[in-house]
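**Q** So the protein sequences, as listed, match chains A and B.
For what it's worth, this note's numbering labels the leading residue of the first sequence as 1, then goes sequentially.
For what it's worth, this note's numbering labels the leading residue of the second sequence as 147, then goes sequentially.
There may be inaccurate statements among the hints.
[To be verified] Chain A regions said to be covered by chain B (calculated; three or more residues, Cβ under 8 Å):
hint : region
1    : 52-58
2    : 107-115
3    : 120-134
[To be verified] Residues of chain A placed beyond 12 Å of chain B at every Cβ, according to the derived structure:
hint : residue
4    : P9
5    : C16
6    : D25
7    : V29
8    : R45
9    : A61
10   : R67
11   : H79
12   : V93
13   : H99
14   : A144
For the record, the hints were derived by calculation from the structure and aren't laboratory data.
Predicted model only: the values in this text are computed from it and were never measured.
Here a beta-carbon is modelled for each residue, glycine too, at the ideal position from N, C-alpha and C.
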Amino acid sequence: MQVRVQAEPFDYGAECAGFGDGGRDVGAVVTFLGVVRDDSGQLARMEIEHYPGMTEKAIAAIAEEARARWSLADVLVVHRHGALMPGEPIMMVATAARHRVAAFEAAEFLMDYLKSRAPFWKKEIGPDGAAWVAAKDDDEDALARW
Amino acid sequence: MIDVLYFAWVRERIGLPRERVETSAATVAELVAELASREDRYAAAFADLRSLRVALDQQLADFSAPLDGVREVAFFPPMTGG
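Just chain A, same shape as in the assembly (with noise of 0.2 Å):
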C-alpha cells in the first residue's frame, strides 16, 4: 500500500506499469487518473490546498480499509496539492485484487471518500478572480452506497 501526497506532477504511465507487480494471486488491476477540468473555457488554473499530516493520515485510512474490505494485493493513491493547469493530473488510484469486481468496486469506493473525506480544497482562478469549488450534494450521497 502506498499514499503519496505531493505537489509536484507524476507519470501516471509510470506509476501504472509499476503497480502490482510480483503478486501471483493478483487477476485484476484498475486505475483511474483525475485530470484538471475546464468547465467554463476560461480556468486560468486550479490551486488545491490541503490540511498537512491529516491529508496523509485520512487517505492511508481510507486505503487501508479498501485494502482489508476488498482483500486487495496492493493499493496505489497519489494526490496533488498547490497549483495547477487545465489538463494536468490531479490524482490517481490504483488496486489490485483477484478478481475485477473487487479491483474496480474498490477503486471507486477510493475516489469517492477522497472527494469529501479526505483534507483537499480547490479553488479556481479564472478572468474574474478566483472561487471556491463548492462541495457538491452528490458527492456526500455516493457514500451512502459503501
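Let chain A serve as the given structure and place chain B on it in line with the hints.
**A** Below, chain B alone, put in the same frame as chain A:
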C-alpha cells in the same frame, strides 16, 4: 493552550492560517462561540456551522465533541478532493 487551524475560505475570512488560543471551552461548540464573539471576521466565518467541518487532532469530529486533551482543532469547509 490549543492550536486552532483554518483552511480554504475559513482561513481567508479570518485572515490567518493558525493561532494559539487560550480557552476554557469544554466542547468545539463552546470554542466556536468564543471565537465568533471576538470580531466580525470570526463571526462571519462561523455564521453557518452547517457549511463547516471540524477536525480534532487531525480526525473528523462533531461540533458537540469534547476538547478534553485535544491539542489541535481545525475548521474548514466541506472537502473537495479527488
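**Q** Output the numbers, in ascending order, of every earlier hint that fails for this structure.
**A** Of the numbered hints, 9, 11 and 12 do not hold.
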